[in-house]
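From first to last, the protein sequence lines are chains A and B. 1 is the number of the first residue of the first sequence in our numbering; add one for each residue after it. 1001 is the number of the first residue of the second sequence in our numbering; add one for each residue after it.
Take these hints with a grain of salt, some might be off.
[Unchecked claim] If you only want the chain B side, here are some residues facing chain A, beta carbon under 7 Å, derived:
#1 Pro1089
#2 Tyr1091
#3 Glu1093
#4 Asn1095
#5 Tyr1097
#6 Asp1105
#7 Leu1109
Simulated from the structure, these hints should not be mistaken for laboratory data. Cβ coordinates follow ideal geometry from the N, Cα and C atoms, glycine included.
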Amino acid sequence: MNAARIMFRLELADALRSRWLLFTAAVYASVFSLFIWLGLRESSVLGFTGLSRVVLNVSNAVVLAVPLVALVATSQTVVRARQSGFFELVLSQPMRRTDWFVGVVASRFVVVVGPLLGLLLIALLASLATGERDAALLPMVLRSLAVTASLAWAFIGIGFWISARARSPERATVLALLAWLTASALHDFALIGALLRWRLEPAVVFALAAANPEESARIAILGGIDPDLSVLGPVGFWLANTLGPNATLAIGIGWPAVLGTFALYRAQRCLIKSDLVG
Amino acid sequence: MTTDVMIYAQDLSKHYGSFRALDRVSFEVRRGEVVGFLGPNGAGKSTTMRILTCFISPTGGTARVHGFDVFDDPLPVRESLGYLPQRAPLYLEMNVYEYLRFAADLRHLDGETFKKRARSVVEVCGLAQVLTKDIRQLSHGYRQRVGLAQALIHDPPILILDEPTSDLDPNEKAEFLDYLKQIGKERTVMLSTHNLKEVESACARAIIVSRGRVVADGPLDEIRAKSGNVRYVVSVQESASGSAYRGKTLPASNAEVSDLLSKVAGVRKVTELPTDERAHAFELASEQDADLRPEVFRAVADKGWVLLELHRDTQTLEDVFRHLTIGDERRNRTIGASPDGEEEEASEEEEESAEDTDSDDDDSDEEGDEAKS
């Protein structure tokens, strides 16, 4: 069996045993349950009802949760493995560092995205079982899944990059929190505040919003349903209306994917460029 | 390099900035040897081990394990060795059997071979009672045994152990050394430690490193004699206590015996020893590696004196170790000491932190230098 697959299997089994998967599933399930409990399923304020409405709101909330879960799951991986001596032990086995890296990245991706996939599949099955005719549900599920998976990829990449560069797990945690706070702050409210405070050019504000994978994911999910939604905020509103649903979706999936791939590449370069043997 | 050389290091160097963790270290370990790799903290033991196990690359020199270059052919090197680092970090949520299975998968062992090998390592490492227990539940000693079992699971011809007993209690240490002796019968073992008793009990040969250099390498007896202070104890019967040999007369005074002994080639110093017996007792100091006992015997026998006692008092390994590595300890106790003019003091931890420093393209050097300083 290929070493990357063995590492993937091992890390996944370890995540299962240490209840990491359970934790992420609980986070997403709590959000889902909360929205159902709040009565969003029956609400028609935004022009559509049913599970698709819940899925939309869950996705909107998950866009905030996924980066945090991904950063927590990844930001200490390399630095902790290095400090605990685990790296030393694992890399004395006949495997390349890249195999280890690929296996661990893949397992973290499954840990972060797997529970969401499961939850959305349950929503689809529940819709079928109850005989609810909700035409918007499947496209909504697919759209949400694609966007959140891409967002998770971006923050897994950022988390690994932090992890590969940090000199201590504590520093990695602080950097991960900073990354999450920065991404969360670069939503409408902070951007508009910055626009007013420093009289920034609107183009700069919009570029910053679009460059924030969290915001681009949010716009991709919400803008695809209705670009006039007030929850998009002024910056999101402008972007969604200017770019259109297809472009926002393409950016919402493509940009985090590119960012995540770049960050993972940098993280892997950190491993390869250090004086470890390949 | 002959074919039975399993570990070969030639001018191995590792620099972290201006600090030389290893400075042209050369040695060979042959098939079936159990070698103790000794040195004080920060001497370069772990760095050498990490280079030999393909974890870090050397700054200079060559290292081959089982005939493969550690830098050019790391995979065959890793395949041929079992490694137990100082702290054996394991997957704590796994049980022992699952962990061994994982190690076997990485070593490409098929199911049947794994079962056979697992039976063997469980027996050798004494893991039968804990096989289905989570590693989290095990004591340090048992975790160390699990670490050793993973190192042995693929039946490697070479075993590298980095301070494997540092976290063990005396009973566990004794058991571990028993395992080591058992294992060492069939393998090349390199045991890094600063516990000299372990080396004396498990190894026939030792390599001592100090400040990144090899300061002694050879069989333990040879190393014990290396300190330049070989001591002999000679005792000759007094004239009043008996008759001489071959009709000659026994020595009348200490001075007579002392005079004779000081003329033996290789003797540096003769010191009288107090004794309760009716004898002239002396201690001879020699700087020579050669054994002086035959010459001393001949000199005494030619005089027809009766030799009551003659033995060579080889120093303990600990004496030699202290003698060879005392400079390290002195430096550790002197603030700002830099005897080489270039080298800076660095503990094992500092060494590790330097190794842990990431390099990442352009900005890596700055960060690396920071950690190294």
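So, going through the hints one by one against the coordinates:
1. Pro1089: holds, 4 Å
2. Tyr1091: Holds: closest Cβ of chain A sits about 5 Å from B:Tyr1091, inside 7 Å.
3. Glu1093: At 4 Å from the nearest chain A Cβ, B:Glu1093 passes the 7 Å test, so the hint holds.
4. Asn1095: Check failed: Cβ of B:Asn1095 comes no nearer than 10 Å to chain A, outside 7 Å.
5. Tyr1097: Nearest chain A Cβ about 13 Å off; hint violated.
6. Asp1105: OK, holds: B:Asp1105 within 7 Å of chain A, min 5 Å.
7. Leu1109: B:Leu1109 check fails; min Cβ-Cβ to chain A is 11 Å, beyond 7 Å.
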